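Protein chains in written order, with our numbering: chain L, 1 to 528; chain H, 1 to 330; chain G, 1 to 358.
By construction, these hints were calculated from the structure, which means they are not laboratory data.
As the structure is a computational prediction, the values presented were derived from the model and not from experiment.
Treat the hints with caution; some may be incorrect.
[As the list claims (entries may be wrong)] Covered stretches of chain H, going by a simulated chain G footprint (3 or more residues, C-beta under 8 angstroms):
#1 52–59
#2 132–139
#3 257–263
#4 302–309
In this text, a Cβ means the ideal position worked out from N, Cα and C, and glycines have one as well.
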Amino acid sequence: MSFAQWAASPGPGVGGHEGRIYRACNIGKRFGPVTVLRDVDATLRAGRVLTIMGENGAGKSTLFKILAGQLRPTSGHIELDGQELSLGAPSAAHAHGIYLVPQEPMLMPELSVAEMMFVGHMPTSGRFLKRVDWRAIRSRARAVLDALELDIGIDRPAKTLSIAQLQLVECAKALLHECRVILFDEPTSPLTAHEVETLFGIMRRLAGDGYTLSFISHRTEEVMEISDDIVVLRDGRMVGAAERGAFDRASLLSLMVGRELRTVSRRTKSHVTQELALSVKGLTHEPSFRDVDFSLRRGEILGLAGLIGAGRTEIAETIFGLRQVDRGTVKLGNTDITGVPSHDLIRRGVAYVPEDRGRHGAVLPMTITENITSSRMERVRQTAGLMSRGHETEIGAKAVRDFRIRCAGLDQTLLELSGGNQQKVVFAKWISTEPRLVILDEPTRGVDVGAKEEIYELIDRMAASGTAVVVISSESEELVRLCDRVLCIYEGRIVAELAGEEITPQSVTASYVGGSQARDAEFEKAGA
Amino acid sequence: MGTKDDIERVLRRRGREVALVGVTLALVVVLGILQPRFVHLENLRFMLLGSVVLSLVALGQTFVIAMRGIDLSVAPLLGLSAMVCGLLAQSQGLPLWIAFALSLGIGVVLGAFNGLLVSALSIPPIVVTLGTYSIYSGFIFIYSQGTQVFSIPAAYGHLGNGYLVPWLPIPIPVLVLLVVLALCSFLLGYTRFGRALLAVGNNDAAAYNAGIPVGGIRIAVYALSGMLASFAGLMFLCYTGSATVTAGTGDHIELQSIAVALVGGTPINGGRGNLIGTVLGSLFLSVVLTALVFLRVPAIWYSAGEGLMILATVQAGLRRHRARDAEAVA
Amino acid sequence: MSRPDAIPASAVRSEANTVKPFNRRHFPLDGWEMTLVVLLVLVLVGFSWAAPGFYDGMPDLLSMAENFLPFGFVALGLSLVIFTGGIDLSVSTTASLTAVVVAQLWHGFGMNIWVAAGIGLLLGALLGAINVLVIIRLKIEPLIATLATSFIYGSIATAVAGNAPPSGFPDAFNALGGGALGILPYQLLLFVPLCLGFWLLVARSAYGRKLVMVGYNREVALYSGIRVERILVVAYVLSGVMAAVAGLVLAAYYSAARPDMGDPLLLATLTMVVLGGVSIFGGEGTMLGVILAVFILGFLRQGMMIAGFSDMVTTMVTGAILITSIAVKNLFNKRGTGLGNQLWALLRRPEATGSEPE
């Protein structure tokens with residue numbers, strides 16, 4: 001759309017047609033030499049939810065981007081109600097009533113919720129002087145949020161919304177633009193269980209109203225819960241497509257991974273010793289968490305379970321000296337390390353591998369070696385203040401070998417590596433400091449299954465060598481697989497402790513529910 | 001209910017403007033008690049007039065900053081327009097309305113050139129306008145050939161210092177500023193262009209995905225900033241009756257305009273723009289500088305005063321903003 | 001950042017690890033530095049051929065450097081600040097203030113000029129420290145903070161200078177600006193080791209690595225246990241000190257200290273740093289590039305002056321070079337087919353400027 005056309009265009013997309021069928025026909029997509037999608041067919045039908053399943057790198061997001069007009073297919077085409085479409089831009093897709101709700105909707109921090117919903121499509125009034133019709137914007141925004149039964153103030157600045165609320169606002173935006181085809185790009189990963197329920201509730205209602213929905217996921221439970229039709233992708237090919245009834249969890253998993261999956265197995269051997277590694281007493285950082293007590297022995301793997309936002313990451317960051325301690329003490333062995341800054345903790349053998357690689361874990365435009373040594377540059381031999389390049393390369397090369405990082409050379413920047421390999425670099429960066437205590441925050445987020453196993457082995461090896469490990473994870477199976485003991489955190493408090501055979505996916509998940517029951521009880525008490 | 005809530009709402013939404021008016025008035029009152037001549041009509045008129053040129057430049061700067069850009073080239077644009085119109089008026093008696101069109105034209109073309117470089121070549125705005133700062137300064141020099149403007153036709157002087165009608169004691173430049181402010185406010189608050197530029201300032205990628213032609217908006221906003229700076233040059237010419245090679249650049253009006261926009265409540269990271277705050281900010285600056293004169297502070301300390309003012313107001317704004325965000329979350 | 005039918009680098013990189021790396025080890029200079037070397041040679045050869053009097057023997061060429069090396073000193077310090085993703089607009093007034101204070105200490109208080117110069121360097125450090133204090137403690141953006149302090153330092157410089165700025169320093173001091181050891185000007189003798197020092201600092205020391213990390217991603221630096229504030233303090237203090245050095249050298253060169261002496265420094269040095277390949281957003285760039293850019297722009301300016309162009313024309317050309325060089329660099333960094341296509345696509349898509357997420 002040219003500038004002039006845009007300025008003259010009347011506003012949001014064309015009206016709603018009932019019962020739309022949106023098809024991807026023989027879609028193929030190549031980026032340079034790399035083929036990402038091959039001959040993929042998918043049909044989205046009105047009143048139904050189609051799930052695209054697959055591992056990271058299977059091509060799910062690329063398919064969605066093609067459906068939403070952000071990318072053009074290399075071969076094949078898309079058609080809406082039998083008519084071939086050529087979408088040049090997301091705005092063209094909107095005009096055809098197709099809307100993509102991104103996983104982490106892009107924020108317009110300073111705009112109000114109402115305005116954010118109308119960005120690019122401001123309704124105007126007045127014949128002579130076309131002016132933005134604020135009254136219409138506010139009333140229509142209010143109406144559509146009410147229709148979805150969302151309690152979000154329309155005048156709130158967008159920067160005050162949570163990710164879940166932003167997704168829901170995006171969803172409202174799709175309705176506002178009278179889009180009948182709504183695509184959700186892996187919406188549930190950043191959401192808490194409760195928020196997922198809200199989202200699914202809204203999706204069901206939309207499907208009931210005849211909207212055409214599709215969403216991406218790799219969590220089998222929720223796929224079985226919400227889908228009507230399922231398409232499974234592996235390495236850019238379609239390996240399965242049918243109605244939900246044709247699949248069960250195990251078959252979905254094996255299709256996705258391409259081999260029979262072992263059921264979740266517990267670690268056979270524990271490495272727990274008697275030596276105390278970490279003890280935390282009454283640790284409080286308002287308003288994230290309060291009165292947290294636990295201890296950890298060398299060789300032990302301790303899991304922190306809980307919902308996103310329960311305060312797990314905050315506990316880790318406080319122990320690592322990144323946040324202020326309001327109350328309580330932290331001891332490393334017998335030394336008090338309460339409030340000691342992180343650079344000092346690193347020297348004492350503490351390491352924290354943060355959850356978000358790109359934001360906290362590694363500098364993506366820097367090289368593998370530079371990232372690996374960045375956790376503690378003092379270990380690189382120095383003469384007259386200059387780091388020895390040879391020694392640094394040795395450290396890098398050793399880490400690449402030890403952690404099986406697949407790369408073409410140590411001088412590659414992390415931008416050129418896959419997610420799993422990036423994560424291994426972040427691991428190598430911290431583990432190569434030979435810490436006594438490691439805190440791992442969501443160690444396998446965004447990592448494919450193969451790399452996951454390698455990371456589990458790594459963690460196990462660390463424990464075997466006497467390192468105390470804390471694992472924060474939202475995947476209960478991961479905690480079952482790894483941990484000697486699991487603490488369940490709910491709204492900033494430890495609400496349950498599981499050990500040994502008590503740790504099962506069911507018990508870990510149940511502990512969240514237990515948490516909310518405990519809260520309900522509290523409310524009742526407060527009310528009485 | 002009623003007035004108390006209304007006052008609270010006004011304070012919350014228009015706190016920056018209220019604070020600026022309050023501080024400016026307090027300053028005027030205190031100085032008026034110390035030095036009665038300070039509140040003399042002539043002096044008040046002088047302070048008002050003194051803020052017009054900077055206000056015009058800073059309004060354009062506010063649009064650019066709200067779009068998350070920055071425009072350093074406003075200073076030489078001001079000088080160039082003053083020089084071109086001034087020399088033509090001085091030597092050939094250029095009619096005022098042609099001068100008017102000429103200055104707007106210069107600003108739009110050269111401003112759009114900035115925008116084109118920013119959007120088409122992906123060069124950071126600070127680098128682009130740093131470069132065009134040098135280039136446009138060169139234009140002034142080449143055009144003037146070392147001469148300067150020292151006398152202008154009466155019509156120009158009237159525009160710069162006169163009154164529209166005898167019974168209205170408001171100088172023409174102030175009226176002009178009010179009209180420009182009204183137009184700008186309408187543009188920012190009530191047109192799709194204005195809202196689109198704010199969307200670009202918030203998140204350019206998201207704005208693009210929403211179908212906003214980001215490149216075109218950028219070019220238009222830099223053109224607007226150039227136009228206002230260039231128009232300010234004409235007003236400067238009319239007000240002072242002179243133009244030299246260093247008009248604009250000599251006073252570092254590019255830095256002043258950024259400072260005033262920030263003082264007025266527009267965040268340096270864009271996404272919001274406060275035009276009334278910008279005008280009040282330059283009025284505040286004008287009052288502060290005049291107050292320093294009355295307090296017999298040597299002229300050399302004026303820019304230090306500006307510097308301290310920037311630090312103080314930006315700091316106060318940060319605190320208020322953080323407090324408000326915290327409140328909104330709660 | 002999605003553009004229809006563009007190749008999203010992230011997709012290629014994350015979904016298939018096939019991108020061949022550019023192996024830095026085998027190249028002493030990276031692509032941009034090579035470009036700058038070629039540009040420097042072009043400037044030198046071009047002017048020697050086109051402007052009679054430009055090349056008048058090696059001693060002459062070297063002494064020409066006296067006219068632009070003060071910019072070089074500032075550029076060295078300023079690069080550190082820009083590496084962190086910040087900016088220091090106060091370098092020009094820092095230079096002026098230092099020069100004026102040193103001159104007054106010598107003239108008004110009868111202090112030995114070298115002792116006064118030492119105090120001047122400390123003053124530069126202090127002014128830099130004030131900048132960084134405002135940035136860290138008051139949490140004000142570097143652009144605004146140094147804009148404000150530059151106003152303040154400028155006022156103080158004018159006040160200290162008084163009505164009759166001191167002049168006529170001892171010859172030994174003046175030699176710093178205009179003297180030479182054999183054919184080597186003292187300025188150059190000072191500049192070369194400083195270049196070496198700054199280059200090693202950025203490229204080879206742990207501090208330099210941390211500096212670059214802070215510039216690329218401050219959060220990662222924090223999570224890696226890097227004391228970010230310390231890194232910033234050192235960068236801004238060194239920027240202040242180098243501005244002070246430039247102030248002293250200028251005072252020696254003119255044998256006078258005027259309060260507006262440093263004014264031309266800011267825009268010219270910013271141009272040098274950016275032309276040198278340092279990203280205004282921080283992280284990216286090399287010290288070697290900056291040093292090359294100092295000589296390119298310096299000799300260009302001198303050459304144009306000798307060829308009879310006025311100062312303003314030279315400034316214009318400098319501005320044009322700044323824009324063109326960055327434009328060329330950006331175009332080369334992007335994939336695409338025809339230039340026209342690319343221009344059109346760029347016009348329609350949002351570019352990366354300023355859209356870094358907080």
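Results for each hint:
no., hint, verdict
1, 52–59, "violated (count 0)"
2, 132–139, "holds (count 7)"
3, 257–263, "holds (count 3)"
4, 302–309, "holds (count 7)"
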